[in-house]
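Novice: Let's have the full structure, built from the sequences with the hints guiding it.
2 protein chains.
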Amino acid sequence: MASLLRLPSLLKPSAAVARPSALLRRRCRAGTAASVSASRSQAAAATTGAAAPAPPETRGGGDREGQVTPRSVDFNAWYTDVIAAAELADYGPVRGTMVIRPYGYAIWEAIQDYLNVKFKETGHSNMYFPQFIPYSFIEKEASHVEGFSPELALVTIGGGKELEEKLVVRPTSETIVNHMFTKWIQSYRDLPLMINQWANVTRWEMRTKPFIRTLEFLWQEGHTAHATLEEAEKEAMQMIDVYTKFAYEQAAIPVIPGRKSRVETFAGANRTYTIEAMMGDRKALQAGTSHNLGQNFSRAFGTQFMDENSQIEHVWQTSWAISTRFVGGIIMTHGDDAGLMLPPNIAPIQVVIVPIWKKGDEKSAVMEAVSSVQNTLKEAGIRVKVDDSELRTPGWKFNFYEMKGVPIRLEIGPRDVTNKSVVISRRDIPGKQGKDFGVSMDPSILVDHIKGRLVEIQASLLQKAIAFRDSNIVDVSSYGELKEAIAEGKWARGPWSASDADELKVKEETSATIRCFPFEQPEGAKKCFMTGNPAEEVAIFAKSY
Amino acid sequence: MASLLRLPSLLKPSAAVARPSALLRRRCRAGTAASVSASRSQAAAATTGAAAPAPPETRGGGDREGQVTPRSVDFNAWYTDVIAAAELADYGPVRGTMVIRPYGYAIWEAIQDYLNVKFKETGHSNMYFPQFIPYSFIEKEASHVEGFSPELALVTIGGGKELEEKLVVRPTSETIVNHMFTKWIQSYRDLPLMINQWANVTRWEMRTKPFIRTLEFLWQEGHTAHATLEEAEKEAMQMIDVYTKFAYEQAAIPVIPGRKSRVETFAGANRTYTIEAMMGDRKALQAGTSHNLGQNFSRAFGTQFMDENSQIEHVWQTSWAISTRFVGGIIMTHGDDAGLMLPPNIAPIQVVIVPIWKKGDEKSAVMEAVSSVQNTLKEAGIRVKVDDSELRTPGWKFNFYEMKGVPIRLEIGPRDVTNKSVVISRRDIPGKQGKDFGVSMDPSILVDHIKGRLVEIQASLLQKAIAFRDSNIVDVSSYGELKEAIAEGKWARGPWSASDADELKVKEETSATIRCFPFEQPEGAKKCFMTGNPAEEVAIFAKSY
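Line by line, the protein sequences are chains A and B. First residue of the first sequence: 1, per the UniProt record's numbering; consecutive thereafter. First residue of the second sequence: 1, per the UniProt record's numbering; consecutive thereafter.
It should be emphasised that the hints constitute simulated quantities derived from the structure, not laboratory data. Computed from a prediction, not measured in an experiment: that's the story for all the values here. Check the hints yourself; a few may be wrong.
Copies of the same chain look alike in the list, so a pair counts if it fits in one copy or across any two.
Heads up, simulated BS3-like pairs for lysine-lysine below, C-alpha to C-alpha not over 25 Å straight-line [said to hold, decoys possible]: (1) Lys-118 / Lys-385; (2) Lys-183 / Lys-432; (3) Lys-363 / Lys-435; (4) Lys-464 / Lys-245; (5) Lys-166 / Lys-527; (6) Lys-378 / Lys-120; (7) Lys-505 / Lys-483; (8) Lys-526 / Lys-420; (9) Lys-120 / Lys-385; (10) Lys-543 / Lys-507; (11) Lys-166 / Lys-483; (12) Lys-161 / Lys-120.
Specialist: See the structure below:
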């Protein structure tokens with residue numbers, strides 16, 4: 001019940017934990033044949049050819065090939081294999097910590113770039129609070145300390161000396177934020193106070209999984225103070241809406257926004273709003289939350305203001321967060337057996353260009369065309385990378401960038417130079433159906449073509465995820481139906497007005513929890529599927545990360 | 001000797017530490033009269049007028065006015081006063097920690113935005129390493145542990161349990177970076193490996209000062225691994241050059257780049273390059289460093305690669321960093337008695353527009369013109385803010401934005417609307433000389449005029465700082481001359497080839513240290529001013545932060 005972004009793990013120790021070597025071991029087998037054999041003959045020839053003047057030991061293979069467990073065989077093993085093979089992250093030396101590698105970090109930067117603009121547009125300023133919080137602060141808000149105290153990291157020694165008061169390494173910043181807000185807020189003229197910070201946070205988790213649940217993770221945490229409850233509620237709703245739009249439009253993840261049940265509400269909040277995403281294994285991922293904190297923290301910390309009528313009041317507050325966990329959500333929503341699949345809007349590389357040439361005398365013409373196409377795309381604002389390494393074969397590169405989920409691959413060989421055309425392959429459609437042969441290199445044609453394809457891929461990933469989600473949500477009208485749906489691995493949606501005790505019973509018996517009362521509700525009278533009493537809302541139940 | 005960016009403090013406990021209440025106390029006196037009286041009559045009238053429909057208790061004053069200690073009276077008190085009055089930072093609840101407030105953080109973001117682009121242009125990728133480092137790692141590199149162990153913060157309890165191995169909260173990341181590099185680097189094909197991270201770091205400092213030296217601070221740390229010493233040396237030099245250009249062109253700080261003496265070299269480096277800046281009190285600030293680490297860490301951590309001839313070698317490494325300390329450098333280089341003065345290139349607000357109207361019927365015409373000018377400037381890429389609050393007088397706003405160091409203020413009143421013109425005031429030139437009256441609102445004229453002024457201000461701040469620096473560096477040819485220069489608060493530059501012991505003697509006797517052997521060296525034969533022996537280089541000595 002402790003965390004802003006996560007529920008207590010219902011998972012068995014994951015494959016990642018059981019087999020830590022999976023991420024670290026080098027894979028020396030040649031790439032899987034599937035995508036190479038789907039490539040046209042020119043590429044295949046180059047793959048096995050001996051024209052490139054590279055050291056012989058590196059030909060036709062390498063040490064980075066992803067031999068990834070098929071997704072259908074073992075979803076958890078597939079997940080950690082993809083993270084290793086696509087070079088997204090690695091384990092840190094301290095149990096449960098994670099090193100975010102450049103490609104994984106670039107996805108996080110894409111998330112930051114989008115949200116940072118939205119936060120500023122909606123009136124928030126970035127700032128930075130210290131990460132060390134006096135232990136006494138955590139104890140000030142009763143349910144907050146109950147939720148967080150089991151998972152704290154404590155600094156007890158500083159500069160060689162035992163500290164008088166131990167320091168909490170921030171698990172979240174409501175307490176220190178309120179301590180400072182109390183200094184800065186005196187009058188209604190100081191309100192609303194709307195800030196955000198990008199920071200690292202630490203929670204001593206027992207069962208960890210890269211990106212999804214780690215001892216330390218990166219996030220943004222928004223904190224606001226308002227003069228009225230209504231304004232705070234509006235803010236909490238506004239931010240869950242920002243998150244929802246981000247998930248749909250950028251990450252192509254069709255999250256379901258809604259309200260948490262009392263049992264699942266954040267430790268210290270009156271209301272928690274959430275976006276819930278269905279992963280490829282149909283488990284739910286809480287991908288972002290926004291809390292209406294009421295006056296809980298302002299009462300605990302004495303954060304007061306003088307209103308327009310000279311009355312002293314406690315401020316009304318919100319907090320909201322999205323973390324590097326979202327990167328895990330992207331992997332588990334779109335990935336397939338060939339690896340990662342990135343929505344173009346957040347892909348660090350949208351187009352990879354692979355030059356293909358066999359004989360040395362073909363090289364200069366091919367590279368000249370590659371360089372010209374690269375500039376054309378770059379000038380058009382497309383994120384493009386050329387992989388002209390002569391240490392790797394085109395076949396190796398095809399596999400590698402499929403593993404990395406690059407939305408579009410562009411091949412340019414001698415025949416293409418002659419024809420002034422390129423071959424385009426979509427990551428999301430395997431084989432010939434995903435290819436455009438003979439697309440003109442003429443900038444006015446090529447740019448439009450690629451931009452169109454990127455838009456199509458973005459839309460297609462979202463549509464596919466929506467179809468998957470909708471085919472895996474079952475409307476239930478009895479507890480028996482819920483049990484059946486959950487046993488099949490699906491989500492169950494049904495009218496609910498039963499007690500907290502009933503909710504905990506469902507969790508105990510099925511491992512499913514209420515993910516949310518979705519904002520979008522069916523019309524008409526409803527009867528609680530558990531009690532038969534009238535119900536105002538349907539709830540969604542599912543197993544979750 | 002411990003730190004990447006700092007030398008052991010030579011300072012007496014600063015005013016900030018001695019008087020922590022200075023930052024926190026509210027100042028309720030009216031603004032200083034200087035800048036208001038310098039304003040034209042229209043503004044002055046509005047300052048004392050009663051036209052704005054604001055509650056009477058807020059007229060003509062307020063709780064944010066900066067009553068700042070004059071710089072010439074007490075530089076340290078002036079510094080902390082400006083930080084409070086310009087709302088740059090505040091003290092955190094844990095001794096020595098700092099909260100970076102939105103305006104201070106926006107300056108840091110401007111630094112980040114520029115450097116992040118330069119780092120990527122020079123081939124570096126961002127990533128993220130965990131902040132918890134096993135204690136045993138710190139002990140692996142002999143001089144590193146000696147430098148850092150006195151100032152470590154240690155986590156000893158996690159999830160309610162005593163940890164088997166205590167964890168260091170990173171003071172810098174060379175050790176954990178090398179631990180990971182050892183996993184990732186096998187072959188020359190994996191080199192160069194060039195990464196950077198934006199992160200918080202912790203050093204248990206005894207004497208702290210906002211921005212300059214805090215328990216926790218924000219920075220970027222670059223880490224690279226190369227196949228040869230030459231390549232590492234080139235990289236270390238490249239990055240100090242990036243920092244130098246940033247300091248000159250963006251921050252208008254005429255730093256002196258050079259090499260550190262052996263005594264002042266980073267704990268674990270073979271060579272440390274530095275940029276040294278002269279603050280307004282003529283103390284030196286080490287504003288950024290770049291280290292050639294040689295093979296010190298690669299030997300300690302076994303970071304090896306197979307070269308093109310199948311030989312196993314240790315990699316050659318660099319690291320380099322700039323921190324939030326740089327914000328302190330900007331304050332102390334350009335600020336004056338009226339507060340902060342920001343170079344336009346890094347100013348979060350380049351132009352502030354203050355609407356001025358007395359009677360209600362003037363408001364709509366003034367606000368319409370203000371809004372139109374705002375849009376014009378925004379579209380031209382100028383960072384513009386309108387302060388249309390009716391809770392504050394124009395006079396209060398003039399003081400407030402001068403305190404915040406906004407380069408240009410633009411006033412628009414009823415007469416300006418009639419004349420279709422504005423009044424422009426430069427922050428860096430007080431009184432009438434800094435004003436342009438009757439500048440046309442016509443976008444084609446106004447935009448060029450303001451852009452021109454911003455360029456002038458940027459150049460003028462740099463020129464002023466260069467003149468100040470150069471008039472405070474004395475060329476010395478004897479130890480006596482050095483003592484005299486240092487006693488006058490100046491920097492001393494002279495030929496040096498004496499011993500480490502002599503260097504420490506100078507420090508003991510004068511409190512001055514070798515800031516650097518500047519890259520720019522005078523030609524001709526030189527004699528060490530201490531020993532009379534031949535010297536290859538001049539060194540710069542100064543007291544420092």
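Novice: So, for every hint listed, does it hold in this structure?
Specialist: Cross-check of the supplied hints:
{"no.": "1", "hint": "Lys-118 / Lys-385", "verdict": "between (28 Å within a copy, 18 Å between copies)"}
{"no.": "2", "hint": "Lys-183 / Lys-432", "verdict": "neither (64 Å within a copy, 38 Å between copies)"}
{"no.": "3", "hint": "Lys-363 / Lys-435", "verdict": "within (24 Å within a copy, 62 Å between copies)"}
{"no.": "4", "hint": "Lys-464 / Lys-245", "verdict": "within (17 Å within a copy, 49 Å between copies)"}
{"no.": "5", "hint": "Lys-166 / Lys-527", "verdict": "neither (51 Å within a copy, 55 Å between copies)"}
{"no.": "6", "hint": "Lys-378 / Lys-120", "verdict": "between (27 Å within a copy, 15 Å between copies)"}
{"no.": "7", "hint": "Lys-505 / Lys-483", "verdict": "within (12 Å within a copy, 81 Å between copies)"}
{"no.": "8", "hint": "Lys-526 / Lys-420", "verdict": "neither (64 Å within a copy, 65 Å between copies)"}
{"no.": "9", "hint": "Lys-120 / Lys-385", "verdict": "between (30 Å within a copy, 14 Å between copies)"}
{"no.": "10", "hint": "Lys-543 / Lys-507", "verdict": "within (9 Å within a copy, 66 Å between copies)"}
{"no.": "11", "hint": "Lys-166 / Lys-483", "verdict": "neither (46 Å within a copy, 46 Å between copies)"}
{"no.": "12", "hint": "Lys-161 / Lys-120", "verdict": "neither (42 Å within a copy, 41 Å between copies)"}
Hints 2, 5, 8, 11, 12, counting from the list given before, are not met by this structure.
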